[in-house]
Amino acid sequence: EDQVTQSPEALRLQEGESSSLNCSYTVSGLRGLFWYRQDPGKGPEFLFTLYSAGEEKEKERLKATLTKKESFLHITAPKPEDSATYLCAVQDQGAQKLVFGQGTRLTINP
Amino acid sequence: NAGVTQTPKFQVLKTGQSMTLQCAQDMNHNSMYWYRQDPGMGLRLIYYSASEGTTDKGEVPNGYNVSRLNKREFSLRLESAAPSQTSVYFCASNINYEQYFGPGTRLTVT
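Residue numbers (the numbering used here), protein chains in the order written: chain A, 1 to 110; chain B, 111 to 220.
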């Protein structure tokens, strides 16, 4: 059964303090690993798709990386507007659906 | 281009009442999905539709029915609401394995 575990559950950083969020996954065959951002009271917003180990994607202060067992979302010099819950999801080959982790709630203090 | 829209935004039902949650997308996507999001449980798939005219059960389908009315619209029906169905419901559509979410419906069943 496909599984996704995100850690930590919550992370509080000071503005400018870089860190990483972890997403560990188990799938029989990975079609894709997805990162989303969710603000309170809103739907998840798509950030990145990673398809194979070694792949990296960047967007502003965020960089996502992928290995065969986990993905990291690195946040460099974060700002308060980066505060949100970050969700990781995987899709198995041949499957239509995504399996989501429970998310990491990130708070950036000014 | 509105993306994925959902109505209503909020709803309060009494146990045993029925209602339909509406979802529409204007991105010409083939696949559409219904999720529920509960604290500590993450996003869980209720039903999905890979293409117009087809629907399939997800992880938590009991107590729900769906209709893929046409390529744009995918509705979720609660025939006899129960307090356990209190949740936030998200609709999503999919292109190239990337899912795009609506703003959500917050449903409370008393």
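To be clear, the hints were calculated from the coordinates, so they are not data collected in a lab.
Each hint should be verified, as a subset may be incorrect.
[Claimed, not checked] What follows is a set of in silico ranges between Cβ atoms, one per label pair, in the way DEER data are often shown:
id: 1; chain 1: B; residue 1: 120; chain 2: A; residue 2: 46; range: 23 to 31 Å
id: 2; chain 1: B; residue 1: 169; chain 2: A; residue 2: 7; range: 18 to 26 Å
id: 3; chain 1: B; residue 1: 183; chain 2: A; residue 2: 28; range: 44 to 52 Å
id: 4; chain 1: B; residue 1: 120; chain 2: A; residue 2: 63; range: 18 to 26 Å
[Unchecked claim] Simulated pairs of lysine to aspartate or glutamate, EDC-like, Cα-Cα distance not exceeding 20 Å:
id: 5; chain 1: A; residue 1: 59; chain 2: B; residue 2: 208
id: 6; chain 1: A; residue 1: 42; chain 2: B; residue 2: 136
id: 7; chain 1: A; residue 1: 69; chain 2: B; residue 2: 166
id: 8; chain 1: A; residue 1: 63; chain 2: B; residue 2: 208
id: 9; chain 1: A; residue 1: 42; chain 2: B; residue 2: 166
id: 10; chain 1: A; residue 1: 97; chain 2: B; residue 2: 208
id: 11; chain 1: A; residue 1: 68; chain 2: A; residue 2: 45
id: 12; chain 1: A; residue 1: 97; chain 2: B; residue 2: 189
On a predicted model such as this, the values are computed, not experimentally measured, just so you know.
Just so it is clear, CB atoms sit at the ideal spot from N, CA and C, and this is done for glycine as well.
To see whether the hints hold, each was checked on the structure:
no., hint, result
1, B/120 x A/46: 23 to 31 Å, "holds (25 Å)"
2, B/169 x A/7: 18 to 26 Å, "holds (22 Å)"
3, B/183 x A/28: 44 to 52 Å, "violated (33 Å)"
4, B/120 x A/63: 18 to 26 Å, "violated (37 Å)"
5, A/59 x B/208, "holds (16 Å)"
6, A/42 x B/136, "holds (19 Å)"
7, A/69 x B/166, "violated (29 Å)"
8, A/63 x B/208, "holds (18 Å)"
9, A/42 x B/166, "violated (26 Å)"
10, A/97 x B/208, "holds (11 Å)"
11, A/68 x A/45, "violated (24 Å)"
12, A/97 x B/189, "violated (24 Å)"
When the structure is compared with the earlier hints, violations turn up for hints 3, 4, 7, 9, 11, 12 and for no others.
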